[in-house]
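S.K.: First to last, the protein sequences are chains A and B.
Everything in the first sequence is counted per my numbering, starting at 1 for the first residue and increasing by one.
Everything in the second sequence is counted per my numbering, starting at 1 for the first residue and increasing by one.
Note that these hints are calculated values from the structure, not bench results.
Owing to the predicted nature of the structure, the values given are computational and were not obtained by experimental measurement.
Quick reminder that beta carbons are idealized off the backbone N, C-alpha and C, glycines included.
Wrong hints could be hidden among the right ones.
[As the list claims (entries may be wrong)] Simulated DEER-style distance windows between Cβ atoms: (1) ASP153(B) / ARG152(A): 27 to 37 Å; (2) GLY57(B) / ASP65(A): 29 to 39 Å; (3) ARG149(B) / ARG24(A): 29 to 39 Å; (4) ARG152(A) / THR139(B): 26 to 36 Å; (5) ARG137(B) / ARG152(A): 19 to 29 Å; (6) ASP153(B) / ARG248(A): 18 to 28 Å; (7) ARG62(A) / ARG137(B): 20 to 30 Å; (8) PRO4(A) / SER86(B): 39 to 49 Å; (9) ASP56(B) / ASP16(A): 20 to 30 Å; (10) ASP262(A) / GLY82(B): 47 to 57 Å; (11) GLY13(B) / ALA86(A): 43 to 53 Å.
[Unchecked claim] Non-contacting residues of chain A with respect to chain B, defined by C-beta distances greater than 12 Å in every case (computed): (12) GLU7; (13) GLY32; (14) ASP42; (15) ALA101; (16) ASP149; (17) LEU159; (18) ARG184; (19) ARG272.
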Amino acid sequence: MDVPVSEVIRPATVADAVALLASRTDARPIAGGTDLMVQLRDGRRSAALLVDLGGLGLDGIRRTDAGFEVGALTSMDRLAADPAIAAHFPALAEAAGTVGAWPIQCRATLGGNLANASPAADTAPALLVADASFTLVSPSRTRRVAAADFFRGPGRSALEPGELLVSVALPLGPTVGGARTVERFVKVGPRREQVISVVSLAARAVVRADGTLELLRVALGSVAPTPVRARRAEAVVAGRRPDAPARRAAVRELQRDIAPIDDVRAPAAYRRIVAAVLLDRFLEDVDRG
Amino acid sequence: MADRVIVTLTLNGERRAFEVAPGRRLLDLIREDAGLTGSKEGCGAGECGSCTVLLDGSPVTSCLVLAASADGHEIVTVEGLGGGGSLHPFQEALASHGGVQCGFCTPGLAVTGAALIARGRGGAHENARRLAGNLCRCTGYVKVLDALRAAEDEVDRVSR
């Protein structure tokens with residue numbers, strides 16, 4: 001059955017796309033459509049005009065001076081398969097490869113995953129850990145918003161009406177002599193494949209030769225109204241070796257970083273336990289080397 | 001009411017144009033406008049994989065693709081997998097290994113499996129992961145995965 005829209009336009013430039021989106025309150029952008037098509041069908045969202053972003057040339061991964069820039073229309077499949085992303089941002093590659101199943105990954109886009117602002121968005125924790133920033137374009141300005149400032153609540157983001165997320169910047173961190181980097185994304189759900197996260201965790205640790213932490217970033221999904229950085233947990237082990245006492249402290253602090261709820265997928269208490277286990281395991285693996 | 005849009009695409013190797021409603025799904029264009037009823041609608045929400053087709057060589061659930069978004073792209077359905085009226089090696093293998101029961105999921109499985117073979121040989125775990133978006137509720141996946149392995153062997157043998 002057709003989805004209930006009365007017009008679809010595929011603009012050729014970002015300027016035309018944002019002009020269209022800003023000029024009509026009943027317009028919505030569509031990229032991969034893997035969420036929007038279902039929402040339109042079920043009446044959970046509506047739009048008279050769909051602005052198809054497929055003609056803007058926003059797909060692709062580009063090396064920049066500071067790191068990488070990923071176009072908002074880049075598919076999850078492409079992200080997951082890209083050797084440079086796998087090498088420098090393994091949590092992002094892993095996360096992209098767990099969004100839905102393969103036919104979804106071939107269609108779903110990075111920009112769509114983020115603009116939806118779901119607390120469960122798989123790529124969000126990985127981008128928080130990468131210290132990514134997003135380029136947002138409207139008819140009047142182009143601005144950069146840090147991933148940490150982008151998510152505002154379930155389904156709510158820093159995007160203003162008529163504003164479009166066009167790319168994601170992934171900075172390469174400084175290389176620390178003698179240090180090794182460990183990065184991971186893990187997702188827990190009721191089954192192994194094609195699942196919405198009950199808890200997801202992305203983490204990056206830079207470990208000095210003596211086993212102490214040069215850097216630790218931890219972010220989680222599905223445990224708060226937005227994807228969140230676990231800043232208290234990070235702070236308590238910062239500069240230390242993540243040994244058993246440090247891990248206990250981190251896991252205790254983590255409980256103040258998160259605010260999970262009971263919902264159809266899992267009770268809050270279970271999410272708290274899973275989050276603790278995922279962080280503990282990561283830090284233990286980091287400590288083991 | 002809605003203006004109609006012209007969608008021009010390559011369908012199973014043939015350049016075709018369709019005049020459709022703006023909210024037309026690719027799946028409906030394929031089944032109803034092009035009359036190719038191999039692709040099936042199961043859940044209509046991208047979860048079951050019965051409607052999987054190739055879009056520019058990658059498997060996608062056609063129930064979630066806006067037909068207008070497919071304009072200018074290349075679509076291959078289960079009918080066109082083998083090319084020239086023959087079956088794809090994975091289709092042959094599904095038949096010979098009994099990897100089919102009621103058949104509703106089969107077109108989608110055939111398409112995803114063919115895409116997987118085109119990407120190059122994967123291990124057993126990789127193959128199972130890639131097929132996880134194509135749900136079979138009759139029987140299971142053992143014979144399907146056996147068929148995939150056999151098709152990979154056959155493609156390797158022919159290309160050697």
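S.K.: Now, for every hint given, state plainly whether the structure supports it.
M.R.: The hints, checked one at a time:
1. Take ASP153(B) and ARG152(A): their Cβ atoms lie about 52 Å apart, and the range 27 to 37 Å is violated.
2. The hinted range of 29 to 39 Å is satisfied by GLY57(B) and ASP65(A), whose Cβ atoms lie roughly 33 Å apart.
3. Distance hint check for ARG149(B) and ARG24(A): the Cβ-Cβ separation is about 52 Å, which falls outside the suggested range of 29 to 39 Å.
4. Restraint check, ARG152(A) to THR139(B): a C-beta distance of roughly 46 Å breaks the suggested window 26 to 36 Å.
5. One distance hint, 19 to 29 Å for the beta-carbon pair ARG137(B) and ARG152(A), is violated here, with the actual separation near 40 Å.
6. For ASP153(B) and ARG248(A), the Cβ-Cβ distance of about 52 Å falls outside the hinted range of 18 to 28 Å, so the restraint is violated.
7. A C-beta distance of roughly 43 Å is found between ARG62(A) and ARG137(B), which places it outside the suggested range of 20 to 30 Å.
8. Look at PRO4(A) against SER86(B): about 40 Å separates their beta carbons, and that is inside 39 to 49 Å.
9. For the pair ASP56(B) and ASP16(A), the supplied restraint of 20 to 30 Å holds, since their beta-carbon distance comes to about 24 Å.
10. In this structure the supplied range 47 to 57 Å holds for ASP262(A) paired with GLY82(B), their Cβ-Cβ distance being about 50 Å.
11. Against the hinted window of 43 to 53 Å, the Cβ-Cβ separation of GLY13(B) and ALA86(A) comes to about 34 Å, which falls outside the hint.
12. Not every Cβ of chain B is farther than 12 Å from the Cβ of GLU7(A); the closest lies at roughly 5 Å, contradicting the non-interface assignment.
13. At the 12 Å boundary, the C-beta of GLY32(A) falls inside the reach of chain B, the nearest C-beta of that chain being 8 Å off.
14. Residue-level check failed: ASP42(A) sits 8 Å from the nearest beta carbon of chain B, not beyond 12 Å.
15. Non-interface status of ALA101(A) relative to chain B is broken: a Cβ of that chain comes within 12 Å, the nearest being about 2 Å off.
16. Listed as a non-interface residue, ASP149(A) keeps its Cβ farther than 12 Å from every Cβ of chain B; the least gap is roughly 30 Å.
17. Non-interface call for LEU159(A) relative to chain B: holds, since the shortest CB-CB distance, roughly 21 Å, exceeds 12 Å.
18. For ARG184(A), the shortest C-beta to C-beta distance to chain B comes to about 18 Å, beyond the 12 Å cut-off, and the non-interface label holds.
19. With a cut of 12 Å on Cβ distances, ARG272(A) stays outside the contact zone with chain B, its closest approach being about 28 Å.
Hint violations for this structure: numbers 1, 3, 4, 5, 6, 7, 11, 12, 13, 14 and 15, all remaining hints satisfied.
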